[in-house]
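Combine both chains into one complex, guided by the hints.
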Amino acid sequence: MKIKQISVFLENKSGRLAAVTRLLAGRGINIRALSIADTSDFGILRLIVNDPDEAYRALKEAGFTVSLTEVLGVEMPDRPGGLSHILSLLEEADINIEYLYAFIGRGENGAMVIFRVEELDKAIAVLQQKGITVLEGEKIYQL
Amino acid sequence: MYWNERYECMPEEELRELQLERLQATVKRAFYNVPFYRKAFQAIGLEPGDIKSLDDLQKLPFTTKQDLRDNYPFGMFAVPMSEVVRIHSSSGTTGKPTVVGYTRHDIDVWAELMARALVCGGATRHDIIQNAYGYGLFTGGLGVHYGAERLGASVIPISGGNTKRQVMIMKDYGSTVLTCTPSYALHIAEVMAEMGVTSDELKLRCGIFGAEPWSENMRQEIEKRLGISAVDIYGLSEVIGPGVAIECQAKNGLHIFGDHFLVEVIDPVTEKPVPPGQLGELVITSLTKEALPVIRYRTRDITTLIPGTCSCGRTYVRVARFTGRTDDMLIIRGVNVFPSQVESVLLEMGGTEPHYLLIVDRHGSLDTLEVKVEVSESLFSDKVRGLEELEKKLVDELESTLGISVKVTLVEPKTIQRSEGKAVRVIDKRKI
Numbered sequence: 001m002k003i004k005q006i007s008v009f010l011e012n013k014s015g016r017l018a019a020v021t022r023l024l025a026g027r028g029i030n031i032r033a034l035s036i037a038d039t040s041d042f043g044i045l046r047l048i049v050n051d052p053d054e055a056y057r058a059l060k061e062a063g064f065t066v067s068l069t070e071v072l073g074v075e076m077p078d079r080p081g082g083l084s085h086i087l088s089l090l091e092e093a094d095i096n097i098e099y100l101y102a103f104i105g106r107g108e109n110g111a112m113v114i115f116r117v118e119e120l121d122k123a124i125a126v127l128q129q130k131g132i133t134v135l136e137g138e139k140i141y142q143l
Numbered sequence: 001m002y003w004n005e006r007y008e009c010m011p012e013e014e015l016r017e018l019q020l021e022r023l024q025a026t027v028k029r030a031f032y033n034v035p036f037y038r039k040a041f042q043a044i045g046l047e048p049g050d051i052k053s054l055d056d057l058q059k060l061p062f063t064t065k066q067d068l069r070d071n072y073p074f075g076m077f078a079v080p081m082s083e084v085v086r087i088h089s090s091s092g093t094t095g096k097p098t099v100v101g102y103t104r105h106d107i108d109v110w111a112e113l114m115a116r117a118l119v120c121g122g123a124t125r126h127d128i129i130q131n132a133y134g135y136g137l138f139t140g141g142l143g144v145h146y147g148a149e150r151l152g153a154s155v156i157p158i159s160g161g162n163t164k165r166q167v168m169i170m171k172d173y174g175s176t177v178l179t180c181t182p183s184y185a186l187h188i189a190e191v192m193a194e195m196g197v198t199s200d201e202l203k204l205r206c207g208i209f210g211a212e213p214w215s216e217n218m219r220q221e222i223e224k225r226l227g228i229s230a231v232d233i234y235g236l237s238e239v240i241g242p243g244v245a246i247e248c249q250a251k252n253g254l255h256i257f258g259d260h261f262l263v264e265v266i267d268p269v270t271e272k273p274v275p276p277g278q279l280g281e282l283v284i285t286s287l288t289k290e291a292l293p294v295i296r297y298r299t300r301d302i303t304t305l306i307p308g309t310c311s312c313g314r315t316y317v318r319v320a321r322f323t324g325r326t327d328d329m330l331i332i333r334g335v336n337v338f339p340s341q342v343e344s345v346l347l348e349m350g351g352t353e354p355h356y357l358l359i360v361d362r363h364g365s366l367d368t369l370e371v372k373v374e375v376s377e378s379l380f381s382d383k384v385r386g387l388e389e390l391e392k393k394l395v396d397e398l399e400s401t402l403g404i405s406v407k408v409t410l411v412e413p414k415t416i417q418r419s420e421g422k423a424v425r426v427i428d429k430r431k432i
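Quick mapping for you: the protein sequence lines, in order, are chains R and D. Residues in the first sequence are numbered from 1 upward in steps of one, following the UniProt record's numbering. Residues in the second sequence are numbered from 1 upward in steps of one, following the UniProt record's numbering.
Quick caveat, the hints were computed from the structure, so don't treat them as lab data. Errors might be hidden in some of the hints.
[To be verified] Computed cross-link-like contacts, DMTMM-like style, restricted to lysine to aspartate or glutamate with a CA-CA straight-line distance of at most 25 Å:
id: 1; chain 1: D; residue 1: 383; chain 2: R; residue 2: 51
id: 2; chain 1: D; residue 1: 372; chain 2: R; residue 2: 11
id: 3; chain 1: D; residue 1: 383; chain 2: R; residue 2: 91
[To be verified] Every beta carbon over 12 Å from chain D, so not counted as near; a handful from chain R, in silico:
id: 4; residue: 25
id: 5; residue: 79
id: 6; residue: 135
Since the structure is predicted, the reported quantities are computational estimates derived from the model, not experimental observations. Cβ coordinates follow ideal geometry from the N, Cα and C atoms, glycine included.
Extracted from the complex, chain D is given alone in its bound form (with noise of 0.2 Å):
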């Protein structure tokens, strides 16, 4: 099933050609309308003439974030704010929140490419679609609203929290498709489980879940609970927001829609390409943009590429699913920890609900790691000497996984802060 058959399996050559077209009228939108970038290529004495094939990407500066807040609120914008028609911000996960732009072009663009998505991730137009991203200034309920409706099907413009409500509508109101963060739609399961709500009283049938990442196992979890098929959606406010990729049913990676998007994965210390299956950090260049192009945007987050064309039949380059993101990594005592991996060892363990936190804290010179873990119902035991088990095997697994040394404490259900929105996987107390 595709939205749009000519772009989506566009032949490999004809999308090079379009991609190169495209490229060269962005460097050239850049250049000449948003001084930061001319700057930027004035400094190493690039012109928008030197790119000449696609090979040249690598050419052109790099953009970060940090760009982006050096130029706040508007300077990075490419267009008078007279074209604008849309202002969002990123979600400020790291700090302060970026700005970003739409023309009415890019708005047009956006659900083109998030009608894409739903239907690679599933959705028809027959569906009823219960979004339950935040819609205001963060990317996510606005995307997604905006391609549902492109689609034609029915939106249910909840955004989120309210979770009683959620699943009270969800059951009354027939939902067949689920958008939210995945930790929230785990939370959701929680709550039906908790209000005797069975997954056979719904009609739900696939989730769309993105904006952070989470880990195969997770995806069963979510699957079973929720009875449903799952897929990973990507995008990034800076890019466009949801829709830059997605997972097909073949959930084998995530599809760029790269008649859109260019992508490359870099090393993040050495700033060079990376071959296909090896880890590092994405680069994403816009290629339709208008008001607000990105060239060359680190993204930080970890990922590989998939070449090849996909069972599904579309021939874009694939990512494989996050892994994290290079600024949500901790260096603890001098060792790169991920949450995610910490919670691939936890769903491994069986049964363990995936609700953790980790606390990293600085006694005198060291380090110390301590993750809390939630004791459910199957991991419990009547013997003490059942928990101090478990309590080892976790951290056996963990320091295996992670390379240090850490502390494991089992706490109460629930006694974990849940989100509504981005969990929060980790308390750093250190003063460094």
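Chain R extracted, bound-state conformation (with noise of 0.2 Å):
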């Protein structure tokens, strides 16, 4: 029921995303989804790709600074209050989200979302209770 996401630290300069895909392309890693955080100085790139553990190893061997964290992913109807409806049970469960990010994927339902929540294990419990389809890794990856 976890993901897990690769995140890159990248400072903002030209051609440091383009040497991220790159290395991934080369690899043959397909990326899944694909998110930038950034700020003045620097950004912090998330990725969801179909081998987590092998992207993570090339990138460190690459030399840039990465981590691997586990995310949540969420599928749910493509039509309006489809996201409003989980944001509201993850709120009434008192669960942070630190960030999230979206995606259309070819599921059953069409959209799907990634969030980053403290408290992982919670989340996915109280959405799973709610009958809300909480995304295998597995299936991410291969989408």
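What follows is the structure, encoded as structure tokens:
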């Protein structure tokens, strides 16, 4: 029920993102979802890929500062109110969201969101109790 | 463990007698053979016969690096060139290098002192010493080399650089002692990690590191990463090279080989001696040098005296680990800043790679200080807030330690240039 996310520290300099994607391309790693948080000096690139362990190894070998974090993936109906319902459930359970990013997948319901929360196990339990589809890592990697 | 117990543990009174006798001979040699010294003594009406006790040392004038430069290249030599068997020069860290000469006897004394230093630092004749100090005009490489041979250890004269090869040789030849600059030792540890070599695969036991000031935290970092005991060694080409002083395994100050060097610690501004425990500039007088005797040489290195016999039994006065140099001291908005202060803050934050760069600049009439810090994996967070908190913590700690405002910039690993000799920690862009 947990998804492995790769995070990479990037300086705000031209060519750094290209260097990461080039490296992953060379290792035959496919990116499933991607988000960048940036400040004026640096950015944090977050990636969901088909082979997180291999991607982690490759980036580390290439000298990047990289970490593996566990995140939560949720499938939801692709219609107004789909995300709002899930956020309400997390709010009621008092679970703080560190960050999130969405992507349109090819799942049954069409929309997927990646959540980074402090209390991962609790969040999974809450959502499952309410009948929300929490995605398996394997399923997302192989989309 | 001593190399020369008779001298290293000489009773204090006997040592003082020996020092006085040798000081008088040095002053005489300088006065009669070096026009610079004769003029300097005559200018204050001093004659060699006026030095009657060790306290009279303070009557003697100081010698500075500039004096050596003014007499470039051989003007300070006290023997004819036919007696000089070796020429070295300083690394030129702060400008034009200074030239130094050695007689056969000087080389012999140097080897003796380096052998003592190696033993004091933990080496024995059964060790394989990988000497990664640069060979050449810089005194580090050959100084350690001759001492190691005198000791009877096996020396690998690899010199600095080619770090992957250093690691390979260390592993294959089973090197037990590493000698180089502390910043290069850390670089070797990094390259080792990249190559997938762990300290368990090495036979390395101890490291003798010097030629630049380093902190206690940096020692711990090196010891952890290389799996060794690391000691600090001190020397400067103007005096002899490495082997002027070294730590023993007690790691509580560096023992000055007092039968060959007299030391004082002075206030660099008033030029008066400061009491033990107070920081000041180390001043050294050589007692046995033939080719280039130095009298009250201002080293610009900042330390404090530790009197009393060490737990290892050596009677020499000790100096505390060096905190910096009077000339790498930056004056930023009127505040004295030493790169070593920044280093210890970064290390205390825990996990920070001790690779950093200070960039000093001036905007309008205001000096600015930017500290670039490489983000290690242990400091990295996938949350922007996490990294911003780290930046803020670094800014707060640095500001409270240095007393001026700083900008901290987090940079990717390995983006700050590595050095194979003395680390470059400061870029001063100010045009004054």
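To see whether the hints hold, each was checked on the structure:
no., hint, in the structure
1, D:383 to R:51, "22 Å, holds"
2, D:372 to R:11, "12 Å, holds"
3, D:383 to R:91, "20 Å, holds"
4, 25, "20 Å, holds"
5, 79, "30 Å, holds"
6, 135, "19 Å, holds"
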